[in-house]
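**Q** So the chains spell out like this:
Protein chains: 2
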Amino acid sequence: MGLKRVDIAESFARFREQWSPKIVGELNGQMVKLVRFQGEFVWHKHDHEDEMFLVIAGRFRMELRDGNLDLEPGQFLIVPRGVEHRPVADAEAQVMLFEPATTLNTGDVRNERTLERLERL
Amino acid sequence: MGLKRVDIAESFARFREQWSPKIVGELNGQMVKLVRFQGEFVWHKHDHEDEMFLVIAGRFRMELRDGNLDLEPGQFLIVPRGVEHRPVADAEAQVMLFEPATTLNTGDVRNERTLERLERL
Numbered sequence: 001m002g003l004k005r006v007d008i009a010e011s012f013a014r015f016r017e018q019w020s021p022k023i024v025g026e027l028n029g030q031m032v033k034l035v036r037f038q039g040e041f042v043w044h045k046h047d048h049e050d051e052m053f054l055v056i057a058g059r060f061r062m063e064l065r066d067g068n069l070d071l072e073p074g075q076f077l078i079v080p081r082g083v084e085h086r087p088v089a090d091a092e093a094q095v096m097l098f099e100p101a102t103t104l105n106t107g108d109v110r111n112e113r114t115l116e117r118l119e120r121l
Numbered sequence: 001m002g003l004k005r006v007d008i009a010e011s012f013a014r015f016r017e018q019w020s021p022k023i024v025g026e027l028n029g030q031m032v033k034l035v036r037f038q039g040e041f042v043w044h045k046h047d048h049e050d051e052m053f054l055v056i057a058g059r060f061r062m063e064l065r066d067g068n069l070d071l072e073p074g075q076f077l078i079v080p081r082g083v084e085h086r087p088v089a090d091a092e093a094q095v096m097l098f099e100p101a102t103t104l105n106t107g108d109v110r111n112e113r114t115l116e117r118l119e120r121l
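In order, the protein sequences belong to chains U and L.
Each residue of the first sequence is one higher than the one before, starting from 1 at the first, in this note's numbering.
Each residue of the second sequence is one higher than the one before, starting from 1 at the first, in this note's numbering.
Because the hints were derived from the structure by calculation, they are not lab data.
A few of these clues could be false.
For identical chains, the list gives no copy identity; a pair is met inside one copy or between any two copies.
[Unchecked claim] When the alpha-carbon atoms are kept at most 25 Å apart in a straight line, the in silico SDA-like pairs for lysine to any residue are as follows:
1. 45 / 116
2. 4 / 110
3. 45 / 101
4. 22 / 70
5. 4 / 31
6. 45 / 58
7. 22 / 43
8. 4 / 113
9. 4 / 39
10. 45 / 62
11. 4 / 72
12. 4 / 112
13. 45 / 84
14. 22 / 66
15. 4 / 118
16. 4 / 70
17. 4 / 100
18. 4 / 82
19. 22 / 74
20. 4 / 69
21. 4 / 84
22. 45 / 80
23. 22 / 100
24. 22 / 80
25. 22 / 75
Looking at chain U on its own, in the form it has when it is part of the complex (with noise of 0.2 Å):
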């Protein structure tokens, strides 16, 4: 059997670090990501790439420039290319990322949160 079954409440029990998507799943050139949010992420974009923000557990506000969105678990958004976000949580948050295998966590912006290789679970 090659396949490989994921269960996200068992992968996100495997790490603690937030703002460090591990990835968990790879098909079509995009990758599935899980993300642990808390506190203010940085504001960026980016310009080729869509990402899709899906929350497992725990609750989190996306900033947009021209308002916030809040997200509860069983609700996703989709930022598409080009428009800036910053994903911001007051408690943690478990979020599970959809995008192209290329995204880099900071989009068009790079510093000390930028993470250039990730983990796999």
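Given chain U, put chain L in place with the hints provided.
**A** What follows is chain L alone, placed relative to chain U:
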């Protein structure tokens, strides 16, 4: 605000048909779809497309030629291109799919269950 927050449970409440995926999002040429499974589908494969199945509610069994995998809420499976599979659900399951925009529900098989066009929710 051009961006749309999608609530998965609310979206499922908007349709009852089984085996009829509804499009709820699109990113990077990939579609996010919701589908209700019950009973046995047809054996098929997708020659050029990987397909992801994430269980939202209920459970189902993915039958594969070399064994089966049971999937529960919060678990997902990626079926790579070329791999024959058949989803089977004893009771209704609610499943989120990620796959390219071009993916046909019955893959390399065309029969009465094939859907050429999918509805957008």
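**Q** Hint by hint, which ones does the structure fall short of?
**A** 2, 8, 12 and 14
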